[in-house]
Amino acid sequence: MSPSADEPVIDIFIADPVSETRRTLRGTLRTFDFESFEEFSDSDTLRRRLTNSYPDLMIVDVDLPGGDACKMTQEIRTNQLGPNPFVPIIMTSWDTEPKTIKRVIESGVDGLLLKPMSVNALKRHLEVIMLERKPFLVTSSYIGPDRRTDPSHKSNVQLIDVPNTLKAKRLGQTVDIQHLDRLIAENIRNVNDERLRRNAFEISFLLGLILPAYEGKITDIQTRKQLNRIQVVAKDISGRLVDTEFAHVSDLCQNLLTATEAVAANFEEPPRKDFQLMKPLSDAILAAMNPDRPATDMAGEISNSISNFQNRQ
Numbered sequence: 305m306s307p308s309a310d311e312p313v314i315d316i317f318i319a320d321p322v323s324e325t326r327r328t329l330r331g332t333l334r335t336f337d338f339e340s341f342e343e344f345s346d347s348d349t350l351r352r353r354l355t356n357s358y359p360d361l362m363i364v365d366v367d368l369p370g371g372d373a374c375k376m377t378q379e380i381r382t383n384q385l386g387p388n389p390f391v392p393i394i395m396t397s398w399d400t401e402p403k404t405i406k407r408v409i410e411s412g413v414d415g416l417l418l419k420p421m422s423v424n425a426l427k428r429h430l431e432v433i434m435l436e437r438k439p440f441l442v443t444s445s446y447i448g449p450d451r452r453t454d455p456s457h458k459s460n461v462q463l464i465d466v467p468n469t470l471k472a473k474r475l476g477q478t479v480d481i482q483h484l485d486r487l488i489a490e491n492i493r494n495v496n497d498e499r500l501r502r503n504a505f506e507i508s509f510l511l512g513l514i515l516p517a518y519e520g521k522i523t524d525i526q527t528r529k530q531l532n533r534i535q536v537v538a539k540d541i542s543g544r545l546v547d548t549e550f551a552h553v554s555d556l557c558q559n560l561l562t563a564t565e566a567v568a569a570n571f572e573e574p575p576r577k578d579f580q581l582m583k584p585l586s587d588a589i590l591a592a593m594n595p596d597r598p599a600t601d602m603a604g605e606i607s608n609s610i611s612n613f614q615n616r617q
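In this text, residue positions in the sequence shown follow my numbering: the first is 305, and each later residue adds one.
Warning: the hint list may mix true and false statements.
[Stated by the list, open to error] Simulated DEER-style distance windows between Cβ atoms:
hint, residue 1, residue 2, range
1, T562, F336, 50 to 58 Å
2, D337, D485, 37 to 45 Å
3, Q580, P420, 20 to 28 Å
4, F336, A489, 40 to 48 Å
5, P321, A489, 31 to 39 Å
6, N494, P584, 27 to 35 Å
7, Q580, V536, 16 to 24 Å
8, A603, G520, 15 to 23 Å
9, A603, W398, 42 to 50 Å
[Unchecked claim] Pairs of lysine-lysine residues, derived as DSS-like cross-links and limited to a Cα-Cα distance of at most 25 Å, are as follows:
hint, residue 1, residue 2
10, K473, K427
11, K419, K406
12, K438, K419
13, K438, K471
14, K427, K471
15, K419, K403
16, K427, K406
17, K529, K375
18, K427, K438
19, K471, K521
20, K375, K583
21, K473, K539
22, K438, K521
23, K473, K438
24, K529, K406
25, K539, K577
26, K539, K529
27, K375, K406
28, K375, K403
29, K403, K529
30, K473, K521
These aren't lab readings, by the way, just hints derived from the structure by calculation. Where is the CB? At the ideal position from N, CA and C, for every residue including glycine.
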């Protein structure tokens with residue numbers, strides 16, 4: 305049964321290098337009463353179209369020529385590509401290697417559909433997005449649907465309910481672009497604020513690994529990577545501080561970045577002053593971005609995370 309003339313049009317982007325695959329997907333989606341499609345055979349064309357369009361669903365092959373589909377997904381989720389970072393995305397792939405599956409999932413997609421595609425599997429992905437889509441989880445390295453499966457695992461991470469135009473239109477609701485833009489802007493602010501909090505948490509977590517390594521004289525390549533990661537995260541914080549409630553933390557971040565760079569540059573014998581500055585600067589950043597949480601609670605959470613990390617090594 306086709307949608308009636310007064311029902312909202314659901315726009316679906318299908319991106320796959322093989323025309324036969326696109327045709328098959330289009331035909332299958334029509335059996336689910338979807339009628340409006342745009343097709344793409346390469347990444348560049350899709351990127352250009354995304355700059356000013358609001359698809360309700362994207363189905364993208366992981367090996368789409370001309371670019372990295374996982375990186376493109378991350379750019380969408382971090383609001384670097386397209387006006388809607390919350391668009392539902394299903395990735396398709398022939399590759400069943402665990403490292404590929406892990407990379408796809410960690411890019412922030414809603415689901416991975418392995419080829420050859422099953423009609424029932426596609427239907428289930430659509431049902432999940434329309435009826436059971438998870439709120440977005442924001443960490444220092446991930447933005448996307450919450451994929452945690454252990455209900456006993458307690459966390460202070462804030463989950464964010466994001467706009468879902470596929471669900472809205474499927475329910476017959478008209479989507480006003482101006483209203484959608486306001487919802488998107490509000491949720492981008494929420495994502496940005498949560499990313500800042502998680503970045504601050506990661507810095508404290510990393511220092512909880514680095515400082516004991518120096519004290520025990522057991523620094524190694526992982527310690528160097530952890531120092532470099534702090535620099536990346538500190539720079540990310542600085543880039544997100546504009547027009548937020550955390551703008552006053554900018555100087556702290558810059559000082560931490562300077563101190564960490566000095567320690568990394570003199571890895572074997574870091575300058576004492578810079579080394580000793582890292583922990584208090586990290587504590588100040590964490591406290592500033594979590595003003596409503598007691599320091600003891602945050603210290604306990606970080607300690608538990610460090611213990612869990614070390615137990616997995």
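We went through each hint and held it up to the structure:
1. T562 <-> F336: 50 to 58 Å: holds, 55 Å
2. D337 <-> D485: 37 to 45 Å: violated, 27 Å
3. Q580 <-> P420: 20 to 28 Å: Violated - the Cβ-Cβ distance for Q580 and P420, about 59 Å, lies outside 20 to 28 Å.
4. F336 <-> A489: 40 to 48 Å: violated, 31 Å
5. P321 <-> A489: 31 to 39 Å: holds, 34 Å
6. N494 <-> P584: 27 to 35 Å: With Cβ atoms ~29 Å apart, the hint holds.
7. Q580 <-> V536: 16 to 24 Å: holds, 22 Å
8. A603 <-> G520: 15 to 23 Å: Holds: the Cβ-Cβ distance is about 20 Å, inside 15 to 23 Å.
9. A603 <-> W398: 42 to 50 Å: This hint holds: roughly 46 Å between Cβ atoms.
10. K473 <-> K427: Answer holds: K473 to K427 is near 17 Å, not above 25 Å.
11. K419 <-> K406: holds, 16 Å
12. K438 <-> K419: holds, 24 Å
13. K438 <-> K471: Holds - the C-alpha atoms of K471 and K438 are around 12 Å apart, at most 25 Å.
14. K427 <-> K471: holds, 14 Å
15. K419 <-> K403: holds, 16 Å
16. K427 <-> K406: holds, 22 Å
17. K529 <-> K375: holds, 21 Å
18. K427 <-> K438: holds, 17 Å
19. K471 <-> K521: The hint is violated at about 55 Å.
20. K375 <-> K583: Measuring from Cα to Cα gives roughly 33 Å; hence the hint is violated.
21. K473 <-> K539: Distance ~39 Å between K473 and K539 Cα, so the pair is violated.
22. K438 <-> K521: Violated, at roughly 44 Å.
23. K473 <-> K438: holds, 18 Å
24. K529 <-> K406: Answer holds: K529 to K406 is near 21 Å, not above 25 Å.
25. K539 <-> K577: holds, 21 Å
26. K539 <-> K529: Holds, because 15 Å separates the two Cα atoms, which is no more than 25 Å.
27. K375 <-> K406: The given pair, whose Cα atoms are some 13 Å apart, holds under the 25 Å limit.
28. K375 <-> K403: holds, 15 Å
29. K403 <-> K529: holds, 20 Å
30. K473 <-> K521: Not OK: K473 and K521 at ~59 Å, beyond 25 Å, violated.
In summary, the numbered hints that this structure violates are 2, 3, 4, 19, 20, 21, 22 and 30.
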